Structure formats: C-alpha cells, structure tokens
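Given these sequences and hints, build the entire structure.
Numbering (the UniProt record's numbering), first residue to last: 1 to 295.
Simulated from the structure, these hints should not be mistaken for laboratory data.
Every value quoted in this text rests on a predicted model; they were computed, and no experiment measured them.
For every residue, glycine included, the Cβ atom is placed at its ideal position computed from N, Cα and C.
Accuracy of the hints is not assured; some may be wrong.
Stated by the list, open to error - Here are the computed distance ranges between Cβ atoms for each label pair:
no., residue 1, residue 2, range
1, 193, 145, 41 to 49 Å
2, 216, 74, 25 to 33 Å
3, 237, 133, 42 to 50 Å
4, 106, 193, 53 to 61 Å
5, 135, 173, 53 to 61 Å
6, 245, 115, 50 to 58 Å
7, 150, 186, 39 to 47 Å
8, 217, 105, 37 to 45 Å
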Amino acid sequence: MATPARWAVPLLIRNPVCSRTITTSTSAHASVSDITTSVSSHIPPLPPIDNPWVHATIHSFPSLEPLLFRKYPPWKLALPIRRDILHRAVVYEADNARQGTANTKWRSEVHGSAHKIRPQKGSGRARLGDKKSPMLRGGGVAFGPKPRDFGTDLPGKVYNLAWRTALSHRFRKGELIIVQGRIDVPGNSRMDYVEELFRTHGWGRGLGRSLLVTLGERPMLESLLDPRDGRKTTWTELDVRAVLGMGRVVIEERALSNLFKITRLDGRIGPSTKLDQEEDDDWEEGEQEQERWEG
Numbered sequence: 001m002a003t004p005a006r007w008a009v010p011l012l013i014r015n016p017v018c019s020r021t022i023t024t025s026t027s028a029h030a031s032v033s034d035i036t037t038s039v040s041s042h043i044p045p046l047p048p049i050d051n052p053w054v055h056a057t058i059h060s061f062p063s064l065e066p067l068l069f070r071k072y073p074p075w076k077l078a079l080p081i082r083r084d085i086l087h088r089a090v091v092y093e094a095d096n097a098r099q100g101t102a103n104t105k106w107r108s109e110v111h112g113s114a115h116k117i118r119p120q121k122g123s124g125r126a127r128l129g130d131k132k133s134p135m136l137r138g139g140g141v142a143f144g145p146k147p148r149d150f151g152t153d154l155p156g157k158v159y160n161l162a163w164r165t166a167l168s169h170r171f172r173k174g175e176l177i178i179v180q181g182r183i184d185v186p187g188n189s190r191m192d193y194v195e196e197l198f199r200t201h202g203w204g205r206g207l208g209r210s211l212l213v214t215l216g217e218r219p220m221l222e223s224l225l226d227p228r229d230g231r232k233t234t235w236t237e238l239d240v241r242a243v244l245g246m247g248r249v250v251i252e253e254r255a256l257s258n259l260f261k262i263t264r265l266d267g268r269i270g271p272s273t274k275l276d277q278e279e280d281d282d283w284e285e286g287e288q289e290q291e292r293w294e295g
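Right, dumping it as structure tokens:
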C-alpha cells in the first residue's frame with residue numbers, strides 16, 4: 001500500500017450548521033421608535049441662515065408700549081460673543097481712565113540744607129547724610145510715583161468690534177431696550193414719580209441698576225434719578241464697561257444710531273459699507289413714514 005505524500009492535507013468534511021434563520025418578512029418585534037430613531041439620525045442638519053437681519057422692538061417712553069419693529073443688520077446687533085475682545089476693550093478703557101497724577105518729592109526736591117547731620121565716624125551710630133535722606137522723617141521718597149500716563153493703545157477696529165459685541169450681547173439677553181423719542185420726565189415731576197416708574201418696569205435696585213442713555217442732556221431726569229436705581233449718561237460719554245456692567249441698558253433710538261455710525265468695523269466714521277448706507281436711508285424713510293402716520 002502506497003504511503004500518502006507529505007504535502008497531502010486531509011480533508012475534514014463537516015455538515016454546515018445554520019445559526020440564523022433567513023426570512024423575507026419584517027420581524028414583528030421591531031419597534032416603531034427604533035425605526036424612527038435610525039431614520040432621524042441620518043437626516044442632515046439644516047444649514048445656518050446667512051446674515052439674518054435682526055428685528056428690534058421700538059418702545060415708547062415712559063409706558064414702554066411697543067410701537068414698531070426696526071430692522072438691523074447682523075453686524076450691528078447679532079455679533080457672537082467675544083470675551084477676548086471685550087476684555088481688551090475693558091482694560092483699554094480702565095487704563096485710560098487712570099489719572100496718573102500721584103506725585104512725590106525725591107531728596108533733591110525737598111527744601112532743606114545739604115549739610116551732613118553728624119560725622120561719618122566716631123559717634124558709634126549709623127552713617128547718615130543730610131536731613132533730606134529717604135531714611136528720615138520729612139525727607140524725600142525713594143522711588144516714589146511721578147505723574148505719568150497709564151493709557152494704552154487699542155486698534156480702532158478692535159474697539160469698534162467690542163462696542164458692537166457688547167450691544168449684541170445685551171440685545172441677545174433682552175437687556176437692551178430701545179426707546180423712540182426722548183427719555184425724559186415732565187418738568188413738574190418729583191422723585192417719587194421716577195421711583196414708581198422704575199418699580200413698575202422692574203428696573204429698581206433689587207433687580208439690577210439701569211443705565212439710561214440719551215441723545216443730549218436731561219437735567220431734570222438726572223436730578224431725580226436715585227443712584228441706587230441707576231444712572232443717566234449721554235451717548236458721547238458711554239463706554240463698553242458701562243454697557244456690560246449695568247443690569248440693563250435703556251437707550252434712545254437716535255443715540256443708538258449715532259453709536260453705530262462712530263463704531264464702524266473698518267475704524268472710520270460714517271456709513272462703512274453700501275449696506276450701512278442703504279440701512280440709514282431705510283431708517284430715515286421709516287422715520288418720515290412714522291411721522292406721517294402720527295400726523
């Protein structure tokens with residue numbers, strides 16, 4: 001009997017075992033929630049809307065009754081939050097707000113004799129010069145402060161972007177109230193009238209101080225306003241720190257328009273783009289139409 005070759009491999013024949021049944025019908029145990037979940041997970045998200053215009057409500061003062069909607073472009077009231085830009089603007093304003101007027105006298109500026117108080121040797125005490133020495137009372141100050149400028153620089157584009165970012169942040173949180181016309185009180189008003197006004201609208205001291213931004217001076221309103229409830233300022237004296245630091249901002253529509261004109265994103269003054277110019281034209285047309293409607 002011939003021996004098998006070394007490279008011959010024995011064949012192991014096994015019976016196939018079917019571990020899964022094949023059916024052509026849908027399983028009766030499949031739940032509807034599994035099917036909907038699997039289908040919905042494959043639906044792509046909706047693309048973001050490019051340059052959505054913002055519709056802001058314009059109120060009357062002091063009743064805050066809604067009058068109309070004003071349309072603003074996204075680069076004015078819909079900018080995303082930029083904490084780094086806001087931080088740079090706040091530091092810039094704080095540095096420029098420092099007076100830097102502290103002044104001390106060095107020993108050469110103190111009035112007095114330059115005669116040596118005691119001999120250099122022989123007294124058994126420490127060496128000492130004249131009476132203007134910084135070690136003596138009444139003498140000069142060593143390395144004391146001198147008048148200096150603490151102001152820092154910030155590019156105009158960055159500062160303007162911080163302005164619009166702060167306004168957008170307030171508007172997004174519902175803390176920017178735009179008023180048509182003047183923010184003022186009647187001439188015969190008393191302090192309790194302003195207190196009741198703040199209490200009615202929830203602007204009081206317990207709910208956060210309010211910042212009233214006007215186009216011009218309002219001496220009557222400023223004299224009756226309690227500092228614990230808020231403060232009043234003009235749009236020319238407003239800064240980013242005040243916009244971010246108060247509980248809410250109540251601003252006249254004209255003042256807000258002036259802020260947008262001086263905070264162009266290219267660092268210059270006036271309408272920055274053709275879209276800004278078109279928006280200003282639409283705003284003026286809306287004002288004329290509103291005046292005709294009121295007339």
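Okay, the hints, checked on the actual structure:
no.	hint	in the structure
1	193 / 145: 41 to 49 Å	holds (47 Å)
2	216 / 74: 25 to 33 Å	holds (30 Å)
3	237 / 133: 42 to 50 Å	holds (47 Å)
4	106 / 193: 53 to 61 Å	holds (57 Å)
5	135 / 173: 53 to 61 Å	holds (57 Å)
6	245 / 115: 50 to 58 Å	holds (56 Å)
7	150 / 186: 39 to 47 Å	holds (43 Å)
8	217 / 105: 37 to 45 Å	holds (41 Å)
Hint violations for this structure: none, all hints satisfied.
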